[in-house]
Amino acid sequence: MTPNPYLWLVPLLPLAGAAINGFFGRRSSRKAITAVALVFCGLAFLLAVVIAARFSSASAPYYFNLAHWLRSGSFQVDFSFYLDQLSLVMLLVVTGVGFLIHIYSVGYMWDDDGYYRFMSYMNLFMFFMLTLVLAKNYLVMFIGWEGVGLASYLLIGYWFTKDSAASAGKKAFIVNRIGDFGFLIALFLMIKHFGSLDFTHVFAAVRPLSPETAGTGLLTAIGLLLMVGAAGKSAQIPLYVWLPDAMEGPTPVSALIHAATMVTAGVYMVARSSVIFERAPTAMMAVAIIGTLTALFAATIGIAQTDIKKVLAYSTISQLGYMFMACGVGAFSAGIFHLMTHAFFKGLLFLAAGSVIHGIGGEQDMRKMGGLRLYMPWTFATMGIATLAIAGIPPFAGFWSKDEILWKAFNASWVYWLIGVITAFITSFYMFRLMYMTFGGEYRGAVVQQAHGHDGHDAHGHGQGHGHGEPHESPWVMLGPLVILAVLSVVGGFVGYGNRFEHFLAPVFQGAMEVAQETSHEAVDHTLEYLLMGVSISVAVLGWLLAYLLYSRHPQLPARIAAKLDGLYQAVAHKYYIDELYDALFVKPLIEGSTTILWHDIDQGVIDAAVNDSADAARHVSDNVRHMQSGNLRSYAGWVAAGGAVVIAYMIWMGVR
Amino acid sequence: MFHLILFLFFGAICVAGAVNLLVQSHPINSALSLIAVMASLAAEYLLLGAEFVAAVQVIVYAGAIMVLFVITIMLLNAGKEERTKGSRVAIQIGVPGVLIGGVLVAWTLLHRSDMQSIPIGALRGDPRAIARLLFHQFLLPFEVTSVLILIAIMGAVVLASPPAVARGPRKDEG
Amino acid sequence: MVPLSYYLVLSGILFACGVLGFLIKRNIITIFMSIELMLNGVNLSFVAFAAHWHALSGQVFVFFVMVVAAAEAAVGLAIIIAVYRTRETLNVDRVNLLKL
Amino acid sequence: MPHQNTKDISLSITTFIIISIIKSLAVVSVLLTAVAYSVWLERKVSARIQNRWGPTRVGPFGLLQPLADGAKFIFKEDLTQPHVYKPLYIAAPIIALVFAITSISVIPFGNWVTVGPWGTYLQITDVNIGLLVVLGITSMGVYGIALAGWSSNNKYSLLGGLRASAQMVSYEVSLGLSLVGVLIMAGSLSLRDIVDAQGGVFWGFIPRWNIFHGQTIAFFIYLISAYAETNRTPFDLPEAESELVAGYHTEYSAMKFAMFFMAEYANMVTVACLATLLFLGGWHGPIFGPPILQALMPVFWFCLKVFFFIFLYVWVRWTLPRFRYDQLMAFGWKVLLPLAVANVLVTALIVAWRA
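Chains as they are written, first to last, in the numbering used here: chain G, 1 to 657; chain F, 1 to 174; chain R, 1 to 100; chain P, 1 to 355.
No wet-lab data here; the hints were simulated from the structure.
Treat the hints with caution; some may be incorrect.
[Said to hold, decoys possible] Residues of chain F clear of chain G, computed beta-carbon distances all greater than 10 Å:
no., residue
1, L104
2, V105
3, S117
4, I149
[Claimed, not checked] Only some residues are given here: those of chain R computed to face chain G with a beta carbon under 10 Å:
no., residue
5, L20
6, I24
7, K25
8, I28
9, I31
10, V42
11, T86
As the structure is a prediction and not an experimental result, all values here were calculated from the model.
Every residue gets a Cβ at the ideal spot worked out from N, C-alpha and C, and that includes glycine.
Start from the sequences and build out the full structure, keeping to the hints where you can.
This is how it looks when you write it as structure tokens:
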């Protein structure tokens with residue numbers, strides 16, 4: 001089979017759309033912009049579907065070599081694409097969810113002035129993301145990696161006139177640089193030791209090596225560095241701080257980039273490098289621990305947040321923590337599985353939240369919401385489905401993937417499992433809390449007279465922008481994607497039924513399977529598995545009940561509890577003061593140091609001084625020397641004659657010696 | 001012997017003329033002494049056998065170039081040169097430098113052993129042979145120099161032609 | 001029979017006289033003549049070497065030198081006339097605006 | 001370096017010197033006589049052209065007039081103005097005359113003659129670059145006039161000197177170029193070779209002279225430039241009495257003036273000899289009669305041709321008006337020079353094609 005030689009078109013189509021919109025969008029009409037953006041993105045999606053249809057595991061992976069890039073001696077890097085089961089899944093998720101979110105954002109951003117800019121950025125992001133997932137070597141992957149970073153920077157700072165948005169974009173960019181630093185060093189190590197960055201070469205070189213049980217070694221180093229990169233991109237401890245702030249961006253951006261696709265790039269990269277990881281147990285453990293801690297940590301923060309998008313952001317972080325945990329325990333396929341389902345329901349959640357925000361005129365504070373189920377039933381329904389999914393209530397998608405992860409984690413170590421279950425409990429608690437606060441009870445929000453008074457972002461009536469006298473349902477161009485994603489969130493889980501998904505991905509994770517086997521073959525009795533399944537279901541239900549009690553039955557309780565354990569609540573509410581900590585630890589010293597040392601001492605004291613002093617010296621010297629240039633012909637001749645005499649003397653001296 | 005006498009005779013004229021060029025204060029005398037130098041140099045060339053070179057030396061140098069100098073002197077009516085103290089450098093550094101260099105060169109040349117003697121008329125500068133060399137081996141330099149002198153002529157015309165403002169009334173003078 | 005060195009010394013003397021003239025004369029025209037003197041000295045050494053090595057090209061070079069001297073004389077004298085027209089003097093010590 | 005013909009080398013050095021001295025004395029005396037009598041000739045011819053008698057008193061037909069002139073020049077007071085620049089004022093006429101006379105030294109008058117045991121060419125010395133020597137010496141001759149004009153510190157003289165030098169320098173070019181054609185045909189710079197190359201006749205009656213042999217244009221170019229070189233009418237701007245009193249020799253009197261005078265006529269003779277040698281086949285001509293006559297016949301033909309040239313000079317002088325100076329320059333640079341160059345090219349092409 002040939003999975004469509006037009007593979008390279010998939011990334012390039014969105015790029016073309018981005019270029020067209022970016023260059024000509026300013027002058028063209030909104031309809032034209034919409035058409036361009038959607039057509040190119042949709043074509044990419046269709047192409048991906050065609051490729052998937054013609055895909056057969058038999059002959060994967062499939063290479064496509066677009067062009068030569070670097071050639072230095074034996075080391076060479078090409079612009080080449082790579083299609084195997086893993087990248088196929090990613091391809092479908094990215095193009096599909098991306099396309100839906102494009103449609104959604106048409107309705108959401110229609111009235112924004114920078115509409116063309118937004119669409120162009122979105123397409124650009126699609127291009128880079130597809131490059132990332134289709135890359136055949138780490139360098140092309142890195143291009144996509146940086147590219148999505150750029151796109152996310154542009155989109156977070158989309159309302160760059162707003163200070164918080166601009167600084168949030170910068171924060172995201174800088175924090176990601178830290179991760180990329182690790183990634184780059186890992187690449188250098190690979191070049192140094194394997195002489196190549198091509199997946200096939202590197203993995204072929206790694207496979208024969210035996211696992212480094214010693215806990216140290218080349219592969220461990222590479223693995224840890226890659227993990228740093230992935231932690232940066234996927235917002236894991238300690239580099240997660242940028243993601244909540246990234247919520248400054250328009251909601252579709254949060255949905256597409258910061259929930260569905262980009263943040264999962266780290267997970268994808270770890271899974272892609274599974275061959276390396278499984279031979280570096282220490283790195284694996286680090287990944288698992290980090291993922292687990294992140295999951296719990298972020299979930300706890302999620303409890304106390306009142307901004308609807310922030311809640312979702314932290315839940316994203318914790319879900320990513322799940323995925324990391326999965327990869328860490330060697331259950332890469334489970335991680336990818338959860339990645340996919342998460343893309344569905346988390347994208348759905350964000351879009352629904354966006355619909356809510358949109359519907360009540362830009363309000364994001366849940367305390368000002370409530371009772372919206374009456375005003376926007378579709379949003380309520382779809383968001384409810386997503387909540388069930390993320391909470392892990394069967395038969396929704398989240399249940400299957402999360403349960404898979406927990407089971408694998410238990411096989412690895414019961415600690416992971418325990419923390420995972422607790423996290424699941426908290427997750428379902430704060431998700432249902434969100435649901436109750438948003439849709440339950442009756443409307444608490446002041447009836448905003450003029451929607452547009454709200455500071456710029458997310459604030460505008462859509463289409464027939466009437467004032468938000470009262471909350472209202474969103475237009476169908478936004479509801480459509482919601483519905484589709486809801487369906488996916490319902491049925492998405494069944495692809496994993498009976499490990500079909502796992503077996504589909506099996507060829508990619510050959511080695512990982514072995515690790516999973518050797519860890520898991522002592523406990524393969526299904527009773528235990530079902531038991532654990534029941535536990536996770538029950539904790540999910542418990543979380544639901546708790547949320548129901550606290551936020552539906554006795555709405556005054558939470559305040560009292562918060563008052564009772566005040567310090568803890570404050571800590572949680574302020575995200576454990578992590579931002580302040582980083583500020584004190586890194587940012588301030590950095591600024592101080594660069595101001596005093598780099599700027600005043602080195603730049604002004606050394607570099608500028610050197611330049612100025614040399615200039616002064618030159619001027620003084622020439623002041624003295626210029627008198628030689630008397631303008632008198634004969635004196636010049638005198639100098640020449642003297643010089644000639646010296647030369648003659650020298651030559652004769654050399655000659656007689 | 002005869003050869004050496006002739007050489008010394010004309011050489012003495014050369015040196016005398018050169019020194020006279022320096023000591024004379026009036027440019028026309030300097031010019032005449034330079035002509036003398038050139039003429040005696042032509043004689044030296046003859047002693048070396050370069051008869052064609054000698055003839056051309058007289059015709060071109062003495063007969064054309066120096067005439068240009070004399071014409072210029074007459075045209076500008078240059079008088080005795082004024083003894084201005086223009087530059088100390090030239091006197092205090094340049095002149096000693098020249099003398100030292102000259103003495104060094106002469107000393108080295110005279111103390112070399114491998115300087116064999118040249119018989120009278122050693123190398124016949126036959127016009128035919130010179131022409132053959134000039135138009136075969138040195139054809140390109142020849143052409144280049146011809147272009148050079150053409151450019152020089154044009155430059156001279158441009159430089160020496162009086163400024164446009166002064167040209168009007170002085171037309172009839174020719 | 002005259003040793004080659006005599007010819008060379010003679011040409012050296014002429015050349016040195018030329019340089020001295022350049023150094024001590026004030027009149028532009030005389031300085032120009034000193035240049036011609038140097039060229040003549042060089043020519044003499046050319047011819048002497050030609051006779052010494054039995055290579056006629058030495059004499060050919062003399063012709064090139066003469067052509068260059070002619071061109072130089074033409075342009076130089078034209079420049080002198082132009083200078084005289086503007087500065088009303090032939091004294092190089094008075095034509096020293098090109099400084100500092 | 002004067003380089004002897006093989007026949008001379010057979011002689012001992014002393015005899016060579018003696019013979020050379022004899023030859024030079026003879027030639028110089030002959031030349032001076034010729035100069036004197038060309039003056040006489042000029043006066044006569046001009047008188048006839050203007051319907052006068054000319055000198056008749058001293059001797060038959062005034063034949064002794066030159067002697068009288070000489071005596072007068074010698075005995076006149078030689079006055080030297082105080083404002084002249086003495087050394088050059090004195091040197092100038094000497095320079096002029098010396099170079100004028102010297103240039104005759106390489107002119108051959110005839111063939112090889114033997115007197116008793118000794119034989120020689122009728123020529124002071126045979127240089128194989130004779131033509132160049134003549135040109136060089138004549139080109140030096142300009143200094144006499146220029147210095148005279150400058151040193152006698154007088155604006156007329158200065159203008160005369162300037163004109164003379166400029167005109168001689170510029171006409172020298174076309175003069176030299178007009179000779180190149182001849183040189184190409186003869187393939188030598190030695191005057192003797194050039195003359196020998198012109199021996200023989202075409203179709204039995206036309207002599208094989210260069211003037212009939214393709215160098216006609218060159219001949220006329222040479223003629224005109226020669227007039228200019230010798231400052232003769234119509235090119236006698238340097239001494240144009242109507243404009244500058246007497247040009248460069250305004251301040252000169254007595255013997256110094258006589259020197260310029262002789263120099264002018266000596267130059268005429270030289271130029272005439274050159275023209276004869278280069279264009280009119282030198283001493284070639286019908287030879288007949290007894291041996292002694294046969295020995296003298298070539299010299300006779302030579303003198304005849306030279307006389308013809310001098311007569312032509314005189315004739316032209318008293319016939320044509322004087323040029324204006326800019327006309328003179330324009331004519332020299334814009335007409336003669338291109339013509340000469342074209343002539344050289346054509347001749348070279350033909351010769352190359354023949355070869």
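Here is what the structure says about each hint:
1. With a closest Cβ-Cβ approach of about 6 Å to chain G, F:L104 is found to fall inside the 10 Å limit, against its non-interface label.
2. The beta carbon of F:V105 sits about 6 Å from the closest Cβ of chain G, which is not more than 10 Å, so the claim that it is off the interface is violated.
3. Interface exclusion of F:S117 from chain G stands, the closest Cβ pair being 22 Å apart, more than 10 Å.
4. Non-interface status of F:I149 relative to chain G is upheld: no Cβ of that chain comes within 10 Å, the nearest being about 25 Å off.
5. Because the closest C-beta pair between R:L20 and chain G is about 9 Å apart, less than 10 Å, the hint holds.
6. About 8 Å separates the beta-carbon of R:I24 from the nearest beta-carbon of chain G, less than 10 Å, and the hint is met.
7. Of the supplied interface hints, the one on R:K25 holds, with its beta-carbon coming within about 8 Å of a beta-carbon of chain G, less than 10 Å.
8. For R:I28, the interface hint holds, the least distance from its beta-carbon to any beta-carbon of chain G being 8 Å, beneath 10 Å.
9. Taking 10 Å as the C-beta contact cut-off toward chain G, the hint placing R:I31 at the interface holds, the least distance being around 7 Å.
10. Restraint check, R:V42 versus chain G: the minimum CB separation of about 14 Å is more than 10 Å; hint violated.
11. Annotation: R:T86 was flagged as interfacial toward chain G, and the flag is violated, the nearest CB pair being 16 Å apart, outside 10 Å.
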